[in-house]
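Enquirer: One-letter residues, chain by chain:
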Amino acid sequence: MVADKIALLRQRAALVAHTRAFFAARDVLEVETPLIGDGLVVEAHIDPIPCRVRLGPGDAVDRHLLTSPEGPMKRLVAAGSGPIYQLARAFRDGEVGRRHAVEFTMLEWYRPGFDHDALMDEVEALVQALLPRVAGVAFERRSYRELFVEHCDVDPFATSHAGLRAACDRLGVDVPAGFDDWSMDDALDLLLVGHIEPLLGRDRPLFLHSYPPSQAALAQVGTGSAGEPATAHRFELYVEGVELANGYHELSDAAEQRRRFERANREREAMGRAPLPLDEPLLAALEAGLPPCAGVALGFDRLVMLVTGQERIQDV
Amino acid sequence: MASYGTSDFKKGLKVQIENEPYLMVDLEFMKPGKGQAVYRVRLKSLTTGRVVDKNYRSGDSLEAADVEEKSMQFLYKDATDFHFMDGETFEQFQIGVDAVGDAAKWLKDEMECDIVMWNGSPITVTPPAHVEMKVTYTEPGAKGNSTGNVQKPATVETDAELMVPIFINVNDVVRVDTRTGEYVERVSKG
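If you read the protein sequences in the order shown, they are chains Y and Z.
Numbering-wise, the first sequence is residues 2 to 317 according to the working numbering.
Numbering-wise, the second sequence is residues 299 to 488 according to the working numbering.
No lab work stands behind these hints: they were computed from the structure.
As the structure is a prediction and not an experimental result, all values here were calculated from the model.
Errors might be hidden in some of the hints.
Listed next, the in silico DSSO-like pairs over lysine-lysine satisfying Cα-Cα at most 30 Å (straight line) [as the list claims (entries may be wrong)]: (1) Lys6/Y <-> Lys487/Z; (2) Lys403/Z <-> Lys312/Z; (3) Lys309/Z <-> Lys332/Z; (4) Lys312/Z <-> Lys352/Z; (5) Lys487/Z <-> Lys375/Z; (6) Lys6/Y <-> Lys375/Z.
Based on the sequences and whatever the hints tell you, model everything.
Expert: Now the structure itself:
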């Protein structure tokens, strides 16, 4: 094995050790949860990897490699685990690119009693501790609406497909055929990945927060105020144009969570994708009571890429 | 005509959009946190060399372009066309000035060129990377000034002009890099 590959392995191992020390110092418990599951945290655009397993002497049953450890970890929090973290393998079918791999390492943690603002503070402290070049740099915090207005001159809460198409034309973002039939969220995402994302976190890391309610996923939605639309208590962290983490002030309303999973399944069917089984144990845990908490998932391989200067996720 | 879905996308793919053949030169998979995947592809026109960036999402497809590369021998040029012969089939092709482009100034009889064919018609001509050219005209170099980087213009047998070192004389044969149009070395003295 060549020397620089070994050096990379050592750097990665040091980052893992550093991460564990960070959480140990904060009394956050390390856990391991199953990677194979039945039901899923259903997302319109995330596909699990199916597998067949024999759970005993009988025939094999259909299961999935989980797309994130979110369900099992929230069940631990609901059962009274207190703050927990995990360096977990996650699996997403079909995601292959410079920053995407079908299996990757996710650093995921949950903080009872935190809201999204408090959790952003902790994410900032962790990234400052692991990525020396941003140590001591205050991270920027900007809302979804502010960034669309600043970079694209459109209000994401008031625009239309025509407005977004005009912005794409103005900014040189190619608009694929069928765009007018896309959901509003998909149309907004084209500008986000095609134009805004590469600009985020260039001078210093940036938290993008206050998403449209339709993009809340598993986050609470605020009530809004005079002149301000209701937004989701969700954030993403960008460092040098790289999307690094996604966090929520967690939704604990089981009925609302079920509606969102079902809505995601309807979107999947509309796109010709198979609907997915819901994570019923998670919904039952929410029903029984999830303590108020915030949670975040950080792409650990991407952090290693940033620290080591590697350009491709396959190299770390 | 065959088509390629987004999962078939890769560098080197030859595709056709609005009756124009393109080579896929780069591909980026982009996906926001919870959003849909977008494939950003960089396409280079096989006729004009122009580069465009296009976005596609999973499930979209591109038409395959019927493109092949052939090696052909240059035969002769007449008033409007360049004439080539396929070395395997001995079939002859006329290629217009537009398709030949910059290659025209380096074409000599019997030279083997790479021809890109699209739907059975030649669209680009690439001469060998290095060709030998006899100098037909250049000013004599000053004595005692044969070293250093001093260059002077010269005309070669195909009427192309390029800069050569000061020691090159008429009837010398020089090697030329056709990709840059630059002098490489002297092959023989005239």
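Enquirer: Next, verify each hint and record whether it holds.
Expert: Taking the hints in turn, this is what the structure says about them:
| no. | hint | in the structure |
| --- | --- | --- |
| 1 | Lys6/Y <-> Lys487/Z | violated, 52 Å |
| 2 | Lys403/Z <-> Lys312/Z | holds, 28 Å |
| 3 | Lys309/Z <-> Lys332/Z | holds, 27 Å |
| 4 | Lys312/Z <-> Lys352/Z | holds, 14 Å |
| 5 | Lys487/Z <-> Lys375/Z | holds, 28 Å |
| 6 | Lys6/Y <-> Lys375/Z | violated, 56 Å |
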